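**Student:** All chains, full assembly: derive it from the sequences and hints.
Sequence order for the protein chains is A and B.
Counting in this note's numbering, the first sequence runs from 1 upward without gaps.
Counting in this note's numbering, the second sequence runs from 1 upward without gaps.
Note that these hints are calculated values from the structure, not bench results.
Where hints are given, some of them may not hold.
[Unchecked claim] To spell it out: a stretch of chain B is covered by chain A in this simulated footprint if at least three of its residues, at any positions, have a beta carbon under 8 Å from a beta carbon of chain A; those stretches are:
id	stretch
1	116-123
2	149-158
3	214-222
4	228-236
[As the list claims (entries may be wrong)] If you only want the chain B side, here are some residues facing chain A, beta carbon under 7 Å, derived:
id	residue
5	Gln184
6	Phe241
7	Arg244
Just so we're clear, the structure is a prediction, and the values are computed from it rather than from any experiment.
By construction, the Cβ of each residue, glycine as well, lies at the ideal position given by its N, Cα and C atoms.
Residue strings, one per chain:
Protein chains: 2
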Amino acid sequence: MISKNLISQIRLLHHKKHRDEQQFFIVEGVKSCIETLQSNFEVVHSFATNRLSETDINNSDIQFISEKEMERISCLSTAPEMLCIVKKPTCHLDDLDEEKPLLVLDAIRDPGNLGTIIRTADWFGFNQMLCSEDCVEFTNPKVIQATMGSFTRSKIVYAQLSDYLATQKKRTVYGLYMNGEPIQKQSFKPNDIIVVGSESHGISEAVAAHIHTKIEIPMFPHAGATPESLNAAMAAGIFMFCYRN
Amino acid sequence: MISKNLISQIRLLHHKKHRDEQQFFIVEGVKSCIETLQSNFEVVHSFATNRLSETDINNSDIQFISEKEMERISCLSTAPEMLCIVKKPTCHLDDLDEEKPLLVLDAIRDPGNLGTIIRTADWFGFNQMLCSEDCVEFTNPKVIQATMGSFTRSKIVYAQLSDYLATQKKRTVYGLYMNGEPIQKQSFKPNDIIVVGSESHGISEAVAAHIHTKIEIPMFPHAGATPESLNAAMAAGIFMFCYRN
Numbered sequence: 001m002i003s004k005n006l007i008s009q010i011r012l013l014h015h016k017k018h019r020d021e022q023q024f025f026i027v028e029g030v031k032s033c034i035e036t037l038q039s040n041f042e043v044v045h046s047f048a049t050n051r052l053s054e055t056d057i058n059n060s061d062i063q064f065i066s067e068k069e070m071e072r073i074s075c076l077s078t079a080p081e082m083l084c085i086v087k088k089p090t091c092h093l094d095d096l097d098e099e100k101p102l103l104v105l106d107a108i109r110d111p112g113n114l115g116t117i118i119r120t121a122d123w124f125g126f127n128q129m130l131c132s133e134d135c136v137e138f139t140n141p142k143v144i145q146a147t148m149g150s151f152t153r154s155k156i157v158y159a160q161l162s163d164y165l166a167t168q169k170k171r172t173v174y175g176l177y178m179n180g181e182p183i184q185k186q187s188f189k190p191n192d193i194i195v196v197g198s199e200s201h202g203i204s205e206a207v208a209a210h211i212h213t214k215i216e217i218p219m220f221p222h223a224g225a226t227p228e229s230l231n232a233a234m235a236a237g238i239f240m241f242c243y244r245n
Numbered sequence: 001m002i003s004k005n006l007i008s009q010i011r012l013l014h015h016k017k018h019r020d021e022q023q024f025f026i027v028e029g030v031k032s033c034i035e036t037l038q039s040n041f042e043v044v045h046s047f048a049t050n051r052l053s054e055t056d057i058n059n060s061d062i063q064f065i066s067e068k069e070m071e072r073i074s075c076l077s078t079a080p081e082m083l084c085i086v087k088k089p090t091c092h093l094d095d096l097d098e099e100k101p102l103l104v105l106d107a108i109r110d111p112g113n114l115g116t117i118i119r120t121a122d123w124f125g126f127n128q129m130l131c132s133e134d135c136v137e138f139t140n141p142k143v144i145q146a147t148m149g150s151f152t153r154s155k156i157v158y159a160q161l162s163d164y165l166a167t168q169k170k171r172t173v174y175g176l177y178m179n180g181e182p183i184q185k186q187s188f189k190p191n192d193i194i195v196v197g198s199e200s201h202g203i204s205e206a207v208a209a210h211i212h213t214k215i216e217i218p219m220f221p222h223a224g225a226t227p228e229s230l231n232a233a234m235a236a237g238i239f240m241f242c243y244r245n
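**Tutor:** This is the structure:
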């Protein structure tokens, strides 16, 4: 059983405005919830439907609710078996390790893209990311969903990009462009910075001023019409693969 | 102006059942519609809102309709400026060129994934794809949307996979797995076949029986918890990048 008041409060968290005000967000699905409970994130409520049993989850703080109640609090069209309310972490620029590679995201707006980037970054050991303030927030339910739990292992900082890049004079800053040096011919260093631009406008001018090397993912030659671009998450993923191999 | 009857007919095409029955599908957005009109696809209706002018589109067969009417026929939450009704092509196994590389998709269910795979395949010059019959149909509006027009340059065949693979004895069949030989160390041949498995179950047993070499996209070593997998579209994209570079 869950109070009407709590249901209303949780439903507010479906909206960015209230996530920002209350500094909480929603994680859904058994796998993601369990990973969140095992991480450093602060979980303030966890709910499971009666389809799960306490032994499935091995955590005594979980509140069991009906499937109907779960449907009411879930953001998904098919309600999950488990849902957590989690405190938004506060990551600052000081938290970024200057000895490690950094992925910089300039105005990534699509939640699916950001989620896929976070998931892929986790795979390739990029555990820190700097997002422009106009990127979609990573606590958006669709982002969290697409990360498949990888957000729990990522340090994600939102800040003004060009100010930060101006302080990183000793590191090489790469930008992914449609035209540049072929990505597979680069020799990366352990603390490189790579910038991925927005889905529709690429890398913004203010950020471009800090880029040392433009790189591209070569298109296979076409006889006729050609595709316009690669998806931003795909481009970021191929870059991270090249960086690690 | 568009008749009520035609509006109803088009709205039926939002659903798979009616796309299958009528053998038509919907393409939305100016760029995708123009690419479709310039392709070999048979466009039976094209609509544009009054925000576009005839000179923008340079095609006299376009019917101009109001934004309200466009909203009624569109599948999108934000109606596009252009929408086409297109005849479903019929691609058969005979249409697949055995001298070229072939991407085989085993039960890819997520429309965004299939769309991203088609878009990325176009970038890397993989213009033919074989999909299992339980893959999402590529004429699903979300797939078409995610291809960004690339479906017009792709031959997409739906068939029973293991029967076809059994006939391709002279080609090497690779499968993307969580554990296999590192992808970056492979030397591919111009007519290789690569199999990508489903988001949740990987490559099915019947198909696995035809795979010669299991390959993997290596995960960067993690100190603690690790991600479970890469997204299927991401894995397919990284494979195609490796194949071409």
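**Student:** Taking the least C-beta to C-beta distance, is Gln184(B) closer than 7 Å to chain A?
**Tutor:** holds (5 Å)
**Student:** The hint names Phe241(B) as touching chain A; please verify it with the least Cβ-Cβ distance against 7 Å.
**Tutor:** holds (5 Å)
**Student:** Test coverage of the stretch 228-236 of chain B by chain A using CB-CB distances below 8 Å; three residues minimum.
**Tutor:** This one holds; 6 residues, not fewer than the three required, reach chain A with a Cβ under 8 Å.
**Student:** Taking 8 Å as the Cβ threshold, is the statement that the stretch 149-158 of chain B is covered by chain A upheld or broken by the three-residue rule?
**Tutor:** Coverage by chain A holds here, the residue count being 4 at a Cβ distance below 8 Å.
**Student:** With a cut-off of 8 Å between beta carbons, are at least three residues of the stretch 214-222 of chain B near chain A?
**Tutor:** holds (count 6)
**Student:** May I ask you to test the interface hint for Arg244(B) with respect to chain A, counting a Cβ-Cβ separation under 7 Å as satisfied?
**Tutor:** holds (5 Å)
**Student:** Are there three or more residues in the stretch 116-123 of chain B whose C-beta lies within less than 8 Å of some C-beta in chain A?
**Tutor:** holds (count 5)
In summary, the structure agrees with every hint in the numbered list given earlier.
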